[in-house]
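Asks: Sequence:
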Amino acid sequence: MKIIAEGIETEKELLKLINLGVSTGQGYLLQRPYKKFLDISEDIKKKIIKYNNIRQNQLKSEISYIGNIVQKNPTFSLTASNKQVKKFFEFSSVTGVCIVKDNYAA
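When we follow the working numbering, the leftmost residue of the sequence shown carries the number 594, and every step to the right adds one.
Rather than coming from a laboratory, the hints here were simulated on the basis of the structure.
Backbone N, C-alpha and C fix where the C-beta goes; we use that ideal spot for every residue, glycine too.
Some hints could be false.
Claimed, not checked - Simulated pairs of lysine-lysine, BS3-like, Cα-Cα distance not exceeding 30 Å:
id, residue 1, residue 2
1, K643, K680
2, K595, K629
3, K680, K609
4, K609, K629
5, K694, K629
6, K680, K628
7, K605, K639
8, K676, K694
9, K629, K679
10, K595, K694
11, K694, K638
To be verified - Have a look at the derived ranges for each label pair, beta carbon to beta carbon:
id, residue 1, residue 2, range
12, Q677, S634, 29 to 35 Å
13, E606, S674, 37 to 43 Å
14, V678, E604, 35 to 41 Å
15, T688, L613, 19 to 25 Å
16, K605, A673, 37 to 43 Å
17, K595, I633, 25 to 31 Å
18, Q677, E606, 36 to 42 Å
19, D632, K676, 28 to 34 Å
20, N696, E604, 28 to 34 Å
21, G600, E635, 21 to 27 Å
22, Q624, S686, 23 to 29 Å
23, E604, V693, 29 to 35 Å
Please build the complete structure, drawing on both the sequences and the hints.
Replies: As structure tokens, then:
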């Protein structure tokens with residue numbers, strides 16, 4: 594089961610979630626809400642990678658961790674057909690996409 598942590602506001606919370614094995618998350622620490630999709634800062638990415646490396650060294654057997662949040666999901670235009678999106682999922686291991694209109698969340 595995958596868990597999405599919401600409301601991550603401090604590094605302490607981020608570290609705790611990584612140590613718990615949470616696979617994805619969102620919150621002010623990662624990125625403030627905005628009408629357009631924005632990537633997280635390089636500083637936060639580095640911290641996530643650092644914390645995951647520490648965790649990996651502690652628990653070599655686990656492979657799923659909050660580092661997945663730095664991956665961008667593919668986007669589809671609001672005008673994309675259901676067939677186009679379905680075909681994408683048939684040939685991809687991605688589990689989610691973003692629907693956008695003029696590069697803004699739809």
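Asks: None of the hints should be skipped; say for each whether it holds.
Replies: Going down the list of hints, with the structure as the test:
A distance of roughly 36 Å separates the Cα atoms of K643 and K680; the hinted pair therefore is violated under the 30 Å criterion. Of the pairs offered as hints, the one joining K595 and K629 holds, with about 25 Å between alpha carbons and a cut-off of 30 Å not exceeded. Restraint check for K680 and K609: not satisfied, since their Cα atoms lie roughly 38 Å apart, outside the 30 Å limit. Straight-line distance between C-alpha atoms of K609 and K629 comes to about 29 Å, which keeps the hinted pair within the 30 Å bound.
At most 30 Å may separate the alpha-carbon atoms for a hinted pair to count; K694 and K629 meet this at roughly 10 Å. Annotation: proposed proximity of K680 to K628 holds, straight-line Cα distance about 28 Å (limit 30 Å). Distance check on the hinted pair: K605 and K639 sit about 15 Å apart at the alpha-carbon level, within 30 Å; holds. Pair hint K676 plus K694 holds up; C-alpha atoms about 18 Å apart against a cutoff of 30 Å.
With a C-alpha separation of about 24 Å, the suggested pair K629 and K679 falls inside the 30 Å cut-off, and the hint holds. About 28 Å separates the Cα atoms of K595 and K694, which keeps this hinted pair within 30 Å; it holds. A distance of roughly 27 Å separates the Cα atoms of K694 and K638; the hinted pair therefore holds under the 30 Å criterion. Separation of Q677 from S634 is about 32 Å and conforms to the stated range, judged on CB atoms against 29 to 35 Å.
The given range of 37 to 43 Å is respected by E606 and S674, whose C-beta atoms sit roughly 40 Å from each other. V678 and E604 have their C-beta atoms about 36 Å apart, which keeps the hinted 35 to 41 Å range intact. Roughly 20 Å separates the CB atoms of T688 and L613, a value that falls within the hinted 19 to 25 Å. Checked against the hint of 37 to 43 Å, the pair K605 and A673 passes, with Cβ atoms roughly 40 Å apart.
Between K595 and I633 the beta carbons are some 19 Å apart, a value that contradicts the proposed interval 25 to 31 Å. Take Q677 and E606: their Cβ atoms lie about 38 Å apart, and the range 36 to 42 Å holds. At about 29 Å, the CB distance of D632 to K676 agrees with the hint of 28 to 34 Å. For the hinted restraint 28 to 34 Å between N696 and E604, the CB-CB distance of approximately 30 Å keeps it satisfied.
G600 and E635 have their C-beta atoms about 23 Å apart, which keeps the hinted 21 to 27 Å range intact. Range check, Q624 to S686: about 24 Å between beta-carbon atoms, so the 23 to 29 Å window is met. Restraint check, E604 to V693: a C-beta distance of roughly 30 Å satisfies the suggested window 29 to 35 Å.
Violated hints, in rising order: 1, 3, 17; the structure is consistent with all others.
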